[in-house]
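Let's have the full structure, built from the sequences with the hints guiding it.
Chains as they are written, first to last, in this note's numbering: chain S, 1 to 325; chain L, 1 to 329; chain R, 1 to 495.
One or more of the hints may lead you astray.
Between beta-carbon pairs, the in silico distance windows are [as the list claims (entries may be wrong)]:
1) S:29 x L:318: 31 to 41 Å
2) S:244 x R:118: 34 to 44 Å
3) R:118 x S:219: 20 to 30 Å
4) L:34 x S:178: 51 to 61 Å
Don't read these hints as lab results, they were simulated from the structure. Where a beta carbon is used, it is the ideal one built from N, C-alpha and C, also for glycine.
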Amino acid sequence: MEQKIENNRISIIRRIFGVSEFGLLVSLVIIFTFFSISSKYFFTVKNISNILGQISLPLIAAVGFSILLISGEVDISIGSLQAVVALPLLIIMNATGSFLLGVLAALLLGATIGIINGLLVTKLKINSLITTLGMYYTLRGTVYLITKKVAIADDSGSEIFFLIGNGKLYHFLPYSAILMFVILLFFIYIMKNTTYGRRIYAVGGNAEVARVMGINVEKIKFSAFILCSTLASMSAILLASRLGSANHLAGQGFEFQVVAAVILGGVSLSGGIGTLLGAFVGVFIIGIIQNGLGMMNVYTMWQLIITGSIIIMAVAIDELKKRHE
Amino acid sequence: MGILGQIKRERIFGKLVLFNEIILVVVLIIISIAISIGTPKFYSTTNILNILRDSSMAIIAGIGMTMLLITGEVDLSIGSLVAFVGVVTMDIINRTMNVGLGVLAGMGLGAVVGLVNGLVRTKLKVNSLIGTIAMMMILRGMVYIYSIAAIQNYHQLGAFYEIGNGYVGFMPIPIVIMLVLYFVFLFIVTRSVMGRHLYATGGNYTAAKISGIKVDNLKLLTFMMTSILASISGIILVSRMNSGQPNAGVGFELSVIAGVILGGTSLGGGEGTLIGTLIGVLILRIINNGIIILRWNQDLQIVISGIVIIIAVYIDSMRKVARAKIITT
Amino acid sequence: MGDDVLLQIEGISKEFPGVKALDDVDLTIRKGMVHALVGENGAGKSTLIKILAGVYNRDAGEIIFEKRPVIIHSPADSLGLGIKVVFQELALIPHMTVAENVFLESFPLKKNKVIDWETMSKKTAEILLSIGLSINPKDKVYKLTVSQQQMVEIARALSHEAKLIVMDEPTSALTPKEIKFLFDVLRKLKTLDIGILYVTHKLEEVFELCDRVTVLRDGKLISSNNINETNTDEVVKDMVGRSIKTLFPRTHTGKGNVVLRVENLSTEKKLKDVTLTVHAGEVIGIFGLLGAGRTELAKAIFGLDAITSGKILIDGHELKVGSTSHSTKMGLGLLTEDRKEEGLVLQMSVAQNITLPSIREFSSFGVIRRKLEARHANEFVQKLRIKTPSLRQKVMFLSGGNQQKVLLARWLMKKLKVIILDEPTRGIDVGAKAEIHRLIDELAKAGLAVIVMTSEMPELLGVSDHIVVMSNGRVTGGFEKNSATQESILAAAIA
Chain S
1 MEQKIENNRI
11 SIIRRIFGVS
21 EFGLLVSLVI
31 IFTFFSISSK
41 YFFTVKNISN
51 ILGQISLPLI
61 AAVGFSILLI
71 SGEVDISIGS
81 LQAVVALPLL
91 IIMNATGSFL
101 LGVLAALLLG
111 ATIGIINGLL
121 VTKLKINSLI
131 TTLGMYYTLR
141 GTVYLITKKV
151 AIADDSGSEI
161 FFLIGNGKLY
171 HFLPYSAILM
181 FVILLFFIYI
191 MKNTTYGRRI
201 YAVGGNAEVA
211 RVMGINVEKI
221 KFSAFILCST
231 LASMSAILLA
241 SRLGSANHLA
251 GQGFEFQVVA
261 AVILGGVSLS
271 GGIGTLLGAF
281 VGVFIIGIIQ
291 NGLGMMNVYT
301 MWQLIITGSI
311 IIMAVAIDEL
321 KKRHE
Chain L
1 MGILGQIKRE
11 RIFGKLVLFN
21 EIILVVVLII
31 ISIAISIGTP
41 KFYSTTNILN
51 ILRDSSMAII
61 AGIGMTMLLI
71 TGEVDLSIGS
81 LVAFVGVVTM
91 DIINRTMNVG
101 LGVLAGMGLG
111 AVVGLVNGLV
121 RTKLKVNSLI
131 GTIAMMMILR
141 GMVYIYSIAA
151 IQNYHQLGAF
161 YEIGNGYVGF
171 MPIPIVIMLV
181 LYFVFLFIVT
191 RSVMGRHLYA
201 TGGNYTAAKI
211 SGIKVDNLKL
221 LTFMMTSILA
231 SISGIILVSR
241 MNSGQPNAGV
251 GFELSVIAGV
261 ILGGTSLGGG
271 EGTLIGTLIG
281 VLILRIINNG
291 IIILRWNQDL
301 QIVISGIVII
311 IAVYIDSMRK
321 VARAKIITT
Chain R
1 MGDDVLLQIE
11 GISKEFPGVK
21 ALDDVDLTIR
31 KGMVHALVGE
41 NGAGKSTLIK
51 ILAGVYNRDA
61 GEIIFEKRPV
71 IIHSPADSLG
81 LGIKVVFQEL
91 ALIPHMTVAE
101 NVFLESFPLK
111 KNKVIDWETM
121 SKKTAEILLS
131 IGLSINPKDK
141 VYKLTVSQQQ
151 MVEIARALSH
161 EAKLIVMDEP
171 TSALTPKEIK
181 FLFDVLRKLK
191 TLDIGILYVT
201 HKLEEVFELC
211 DRVTVLRDGK
221 LISSNNINET
231 NTDEVVKDMV
241 GRSIKTLFPR
251 THTGKGNVVL
261 RVENLSTEKK
271 LKDVTLTVHA
281 GEVIGIFGLL
291 GAGRTELAKA
301 IFGLDAITSG
311 KILIDGHELK
321 VGSTSHSTKM
331 GLGLLTEDRK
341 EEGLVLQMSV
351 AQNITLPSIR
361 EFSSFGVIRR
371 KLEARHANEF
381 VQKLRIKTPS
391 LRQKVMFLSG
401 GNQQKVLLAR
411 WLMKKLKVII
421 LDEPTRGIDV
431 GAKAEIHRLI
441 DELAKAGLAV
451 IVMTSEMPEL
461 LGVSDHIVVM
471 SNGRVTGGFE
481 KNSATQESIL
491 AAAIA
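Structure follows, in structure tokens:
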């Protein structure tokens with residue numbers, strides 16, 4: 001009986017978000033306030049809508065990445081994926097004028113790469129960090145090879161292609177942000193309320209125990225790899241739309257931004273811990289920092305430094321937490 | 001499990017290790033022959049010296065990376081470090097008109113970065129893979145902040161030019177530097193107490209600790225040596241390019257690691273030889289050289305490096321599985 | 001066979017390379033009864049329950065469950081039959097909630113295949129309540145105490161309608177209050193006609209809780225009685241029963257000065273106020289059952305673990321806390337319990353492993369003098385009769401006994417003052433065991449202070465000059481060699 005009373009005392013926000021995310025939300029509010037004060041252009045409709053549009057790319061990829069990370073594996077080739085997947089998109093769009101065909105081809109390529117990563121890790125038992133590191137370079141090199149380091153411009157004249165990355169609903173809500181929210185909410189639901197989602201947590205939490213309980217660990221991890229690459233491909237399509245081309249330099253550093261954001265958001269490198277909502281907040285925070293710093297005319301180079309430092313800090317704190325449990 | 005079983009297993013496994021190095025040399029020879037069939041240009045003295053000179057930077061960095069991997073750690077920031085060192089060295093020489101000072105500044109920078117990497121690992125307990133990836137980003141950002149544009153050679157000092165482009169007799173200086181460093185460290189790793197400690201620390205951290213080895217200090221020192229050696233590579237590079245380029249070294253860490261792993265150094269720690277690294281790096285360089293003189297698309301280099309890393313890691317994990325089977329019987 | 005017989009095991013045998021873990025064992029468990037399985041370390045208890053859990057396959061014998069012969073090949077088979085083994089390392093996913101852990105194998109679903117959280121929470125709460133527990137089903141498991149986590153495992157068993165629950169050494173991490181609670185829960189389970197196999201070495205628990213007790217020794221069934229037909233003394237005699245043949249040569253005599261003095265040593269997790277004195281030339285045997293704190297003591301003395309209070313003095317000099325390099329410099333050596341994990345560098349050679357802490361003695365200006373090293377390593381290989389094709393053989397290929405000798409050689413070479421041996425003959429065949437005991441004797445003869453931690457009674461009595469007994473992190477008894485009896489030692493160990 002005592003415990004029931006305690007539950008009611010805990011605030012609703014805490015119940016929904018969990019304690020660690022509560023802290024994150026507070027940080028979010030603080031940072032938001034800081035930038036609003038520092039620059040009068042920050043807290044404007046135009047800027048907020050820009051931020052939403054900007055974070056839609058890393059967030060969609062972050063959803064897939066988080067799911068994979070929660071299952072206990074990583075994929076750091078998602079940056080190179082951004083460039084590689086744009087190739088079939090643009091090539092087929094230019095050849096056939098059909099956005100739909102291009103998108104299908106792009107997603108297919110993305111899923112295939114996910115399948116390859118998944119097989120390498122689950123069947124050949126190669127460490128996922130190194131495997132996807134190798135993939136990171138292989139894919140990037142392939143892009144250089146095929147494009148000969150020249151961007152493939154969009155000749156298709158497809159309006160949807162332009163709109164999806166750049167258009168806004170009622171001049172406020174970017175279509176990409178709508179897509180982002182749909183994907184986010186969909187997967188939050190899946191991770192929280194389906195057997196599949198809970199199994200991902202189980203596998204990441206303790207794969208051996210999960211196995212003994214009859215969960216097919218390999219199948220779950222394999223599916224997570226495919227999800228990660230496919231969602232990263234969606235980001236790639238949005239990026240290509242923004243750039244209006246398939247660029248060989250696209251996505252450089254992307255994987256590290258996503259990693260930093262997601263770890264910041266509480267998804268643990270060791271697996272089994274973290275939520276998509278947390279990942280969202282993490283991406284949002286980094287998005288705001290980048291946007292805000294841009295408003296303050298801070299060089300982009302600093303973003304690299306800050307992101308790197310955040311990674312180190314976040315992992316160090318993660319380690320400290322682990323040692324205390 | 002009598003003596004006979006033991007001896008048989010030692011032969012097989014012992015052979016596998018020696019096997020590894022012999023196989024590598026064989027692969028090296030086969031590839032070389034294949035390329036020279038494709039074009040006779042391959043076998044010229046100039047080309048071979050070119051290969052060796054180009055390999056020198058990766059080999060020097062590979063020395064440090066090998067030692068670091070033996071202790072069970074890794075450093076992915078050396079690419080960004082190379083760029084940073086190049087920029088800083090050139091800038092300092094420009095300002096002070098003193099090559100020695102510039103070189104010292106570059107190496108000092110390497111030492112500091114190595115120290116930080118080491119502390120992040122030993123004190124903050126951050127996994128070295130993630131930690132040095134983060135450092136890679138931080139350093140790259142810092143290079144661009146130091147200078148967005150390439151730093152040109154305003155000093156035109158001869159000594160500087162000589163580092164990367166000069167000769168001692170018929171030997172290019174980079175090769176000389178590489179050979180000196182290589183043999184010094186070869187001796188350290190194979191014959192010295194510190195070398196033994198490196199293998200013990202990577203092979204079994206706790207056992208090394210129990211044996212009285214100061215394991216964390218050793219790792220710290222190894223991180224520093226890796227970065228200092230990488231900074232030497234950076235100095236050679238900036239001399240050869242004749243300008244400090246902020247975008248230099250991208251992908252450098254990959255080619256070094258690929259060569260080191262190909263050469264038989266295990267990602268798990270406790271194993272690896274400098275000889276293997278030498279051959280591994282050479283194989284990759286020869287492949288790259290072949291791609292160039294056979295007029296293939298240069299971007300294949302990076303693709304091949306990526307594939308090589310995957311294959312090398314696969315073989316590495318196979319070895320680990322085989323070993324685990326032996327231990328548990 | 002009575003109607004209430006749940007599980008009947010007949011003639012089960014299981015062999016591992018070099019060891020017969022189970023030899024023709026019979027066991028009958030009835031519904032609604034708590035059946036105790038006791039025996040010393042290595043008696044075969046854990047092998048038996050691993051066979052029931054489907055982790056090991058039996059070599060011979062039959063398992064008859066609910067009157068039908070069954071084959072258990074995997075954990076899934078075992079669970080499917082309704083057998084649930086609660087191991088010491090709890091099989092839970094730490095960051096998931098109690099309810100999720102209870103229902104992980106099959107979540108209750110709503111019509112559209114979505115998880116029915118409400119039903120799950122409710123059912124979990126019901127099950128927990130039925131065993132008298134009021135944990136919030138929504139709490140994450142890692143926040144619970146060990147006792148509560150155990151209950152979650154039991155709840156999981158109940159959610160699968162388990163018929164036989166096996167508890168493996170359940171109380172080693174519990175407080176007396178929690179133990180009482182566990183007993184209440186188990187008694188409740190009895191009323192549900194569930195059969196319980198209670199594996200332990202704590203006899204007072206056996207006599208308080210159980211209905212029947214079976215004793216194993218060296219893999220064989222020794223006795224099986226109803227509780228009211230036997231008593232502690234008889235059970236102890238059955239557990240320990242072999243005669244202590246003096247296979248243990250004792251040539252060393254006379255102890256010298258105090259070399260090691262441990263005063264009021266405590267650690268955060270286990271040790272409480274441990275005081276110990278060891279003389280040169282003396283062998284101290286430290287006995288304790290699982291969880292007594294022997295390994296923790298070894299590690300704390302050596303500096304591998306942190307100390308919260310107390311002092312360690314070698315020859316009167318105080319040891320720097322937590323510094324293994326200081327410990328080695330002061331002449332302390334440690335042979336760890338798990339020689340593979342913590343002692344040997346498997347990829348290095350015999351010679352290299354032997355010389356590891358002493359390598360500086362074979363080097364000048366930092367360069368190793370290989371011939372010198374080889375000569376000295378060889379000396380010990382000969383002395384200890386280590387079987388290896390060459391000094392350069394990688395240690396991973398040696399047998400367990402020889403690996404242990406390599407570790408012993410390592411410390412012998414170091415000219416230590418104090419050596420701590422933690423379970424030095426674990427997993428080693430009889431012949432090699434005797435050799436190692438001979439070596440321990442030689443160590444003492446050479447003037448070292450030797451501490452041997454062991455859970456094997458014969459070894460303890462054979463090797464030690466003085467016996468210290470530990471239980472729950474404290475020292476609970478001290479005996480001189482001549483005045484020690486197995487019974488009194490065991491009594492102190494379960495105190």
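Assessment of proposed distance window 31 to 41 Å (beta carbons of residue 29 of chain S, residue 318 of chain L): violated (51 Å)
Supplied distance hint 20 to 30 Å, evaluated on CB atoms of residue 118 of chain R and residue 219 of chain S: This hint holds: roughly 29 Å between Cβ atoms.
Distance restraint evaluation - residue 34 of chain L, residue 178 of chain S, Cβ atoms, bounds 51 to 61 Å: holds (55 Å)
C-beta pair residue 244 of chain S, residue 118 of chain R: status relative to the range 34 to 44 Å that was hinted: violated (50 Å)
Violation of the numbered hints given earlier is confined to hints 1, 2; the remaining hints are satisfied by the structure.
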